[in-house]
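S.K.: Respectively, the protein sequence lines represent chains Y and H.
Position one of the first sequence corresponds to residue 1 (this note's numbering), numbered consecutively onward.
Position one of the second sequence corresponds to residue 1001 (this note's numbering), numbered consecutively onward.
Since the hints were made in silico from the structure, they are not lab data.
These numbers come from a predicted model, not from an experiment.
Hints may contain errors.
In silico DSBU-like pairs for lysine-lysine, Cα to Cα no more than 30 Å straight-line [to be verified]:
| no. | chain 1 | residue 1 | chain 2 | residue 2 |
| --- | --- | --- | --- | --- |
| 1 | Y | LYS19 | Y | LYS190 |
| 2 | Y | LYS11 | H | LYS1225 |
| 3 | H | LYS1239 | H | LYS1225 |
| 4 | H | LYS1240 | Y | LYS225 |
In silico negatives: residues of chain Y with every beta carbon more than 12 Å from chain H [to be verified]:
| no. | residue |
| --- | --- |
| 5 | ASP16 |
| 6 | GLY93 |
| 7 | HIS203 |
| 8 | GLU206 |
| 9 | ASP219 |
| 10 | MET230 |
For each residue, glycine too, the CB sits at the ideal point set by N, CA and C.
What follows is the residue order along each chain.
Protein chains: 2
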Amino acid sequence: MTIKERRTIRKYKVMDVDKTLIHDLLATASRAATMGNMQLYSVVETRSKTVKEALAPLHFNQPMVMSAPVVLTFVADFNRFTRWCDLSDADAGYDNFLSFSNAMTDTLLFCQNFCTLAEEAGLGTCFLGTTVYNPMGIIDVLKLPRLTFPVATITVGYPDENPEQPDRLDISDVIHEDVYQTVSDADIRKIFAYKESLPENKHFVEINNKQNLAQVFTDCRYTRKDNEAMSQGMLEALKKQGFLN
Amino acid sequence: MTIKERRTIRKYKVMDVDKTLIHDLLATASRAATMGNMQLYSVVETRSKTVKEALAPLHFNQPMVMSAPVVLTFVADFNRFTRWCDLSDADAGYDNFLSFSNAMTDTLLFCQNFCTLAEEAGLGTCFLGTTVYNPMGIIDVLKLPRLTFPVATITVGYPDENPEQPDRLDISDVIHEDVYQTVSDADIRKIFAYKESLPENKHFVEINNKQNLAQVFTDCRYTRKDNEAMSQGMLEALKKQGFLN
Chain Y
1 MTIKERRTIR
11 KYKVMDVDKT
21 LIHDLLATAS
31 RAATMGNMQL
41 YSVVETRSKT
51 VKEALAPLHF
61 NQPMVMSAPV
71 VLTFVADFNR
81 FTRWCDLSDA
91 DAGYDNFLSF
101 SNAMTDTLLF
111 CQNFCTLAEE
121 AGLGTCFLGT
131 TVYNPMGIID
141 VLKLPRLTFP
151 VATITVGYPD
161 ENPEQPDRLD
171 ISDVIHEDVY
181 QTVSDADIRK
191 IFAYKESLPE
201 NKHFVEINNK
211 QNLAQVFTDC
221 RYTRKDNEAM
231 SQGMLEALKK
241 QGFLN
Chain H
1001 MTIKERRTIR
1011 KYKVMDVDKT
1021 LIHDLLATAS
1031 RAATMGNMQL
1041 YSVVETRSKT
1051 VKEALAPLHF
1061 NQPMVMSAPV
1071 VLTFVADFNR
1081 FTRWCDLSDA
1091 DAGYDNFLSF
1101 SNAMTDTLLF
1111 CQNFCTLAEE
1121 AGLGTCFLGT
1131 TVYNPMGIID
1141 VLKLPRLTFP
1151 VATITVGYPD
1161 ENPEQPDRLD
1171 ISDVIHEDVY
1181 QTVSDADIRK
1191 IFAYKESLPE
1201 NKHFVEINNK
1211 QNLAQVFTDC
1221 RYTRKDNEAM
1231 SQGMLEALKK
1241 QGFLN
């Protein structure tokens, strides 16, 4: 069961990944559920050094962008479908937020299938969450047209490391019976207690000079200021791409 | 390779699905990539007839909601993490659109992993795209608190049908080399020609009295009017849930 053993791979062997293999995996991945079988996604497969160099700073210079043989940008895409409608005298009403949400959903299901299949094929992947931090930059570099939007980036290569799997919450804290079960404050503390107890997390608290792990998240890693600025940038990019009419 | 053989299952045997099995599959699914290991999701596992009856009309009375033994609503969830921050004197800045997008992404990767694992375990699933059509209704029924939002619903049961797999686009029409490749109008027509040629699609054109398949999508299935109204509803629900500050 590959999924059970999954870990993020950030170090890759200096070894190419066959183009046909990537395409076969993407073809199989496209068996994921899709809204009305519209397949509202594209993938940009970047291998050229020049384009990677332009992408790298937009991903905060995470080294995987340059070191992975393949960088896949998964793009929510209502452009292809809308062009077909336009050519068919059909009034394509997909320049709105619901349609973006549908395309983003299609794209992420397809993307996760690809990751599972890539791992089954012996490849390692890293999901770059930075994709939506600076969408306008990625849109420019990848020349993404109207009614498309980058939602995920996966770096792919043969693994050159085998890191420990990170902790996960107890699944019973994620599952709610019949309706959402609001728990007590004490329960919330219990849910995160294991994470707080981990030596590496205690270390983060110490080196950042914080009182606790939650403050490492809110004050260092994912701050209100950054989140608010990036929310603004994401909404502006959605508008520019025609998804907020 | 289960993914290659995947089909949507809408008819289920009258046969319960073990709770432990569902929980084990969800635990394994949580190995999916997650933003900063925050695991920004919850799952509401609905088995009670009363709650299903309340959900059914919100999913346009698709019969799977009542006939499947298990209905899983996958919920983007920044509530749990924010409560932990609040209890830790940490300023949680997650009441914004970027944070919603991050939570939606975490949730959909987790959801797709669950679907793959469920199918490997011999279960059948159906992805209900209707979840975001009437989020406010689902929020009410499932009592979803601030900073949570339903993004996907999966009905689960043992398959009582084995339908044909639907068509998919040629993967080469989905993949773009290095940057997005804008194709000609003739190419766009070619991309959708196979879909247009299928007997069932010709039948839809005929019974709906339309000129072509694109018009079936734009005038009957996914209309501008519906999309715009539902976009409005989705944005209002995001605001109500605290994700648009």
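S.K.: Could you run down the list of hints and mark each one as holding or not?
M.R.: Now the hints, each set against the structure:
no. : hint                    : verdict
1   : Y/LYS19 <-> Y/LYS190    : violated (47 Å)
2   : Y/LYS11 <-> H/LYS1225   : violated (48 Å)
3   : H/LYS1239 <-> H/LYS1225 : holds (21 Å)
4   : H/LYS1240 <-> Y/LYS225  : holds (22 Å)
5   : ASP16                   : holds (15 Å)
6   : GLY93                   : violated (2 Å)
7   : HIS203                  : holds (15 Å)
8   : GLU206                  : holds (16 Å)
9   : ASP219                  : violated (7 Å)
10  : MET230                  : violated (5 Å)
Comparing the model with each earlier hint shows violations of hints 1, 2, 6, 9, 10; every other hint is respected.
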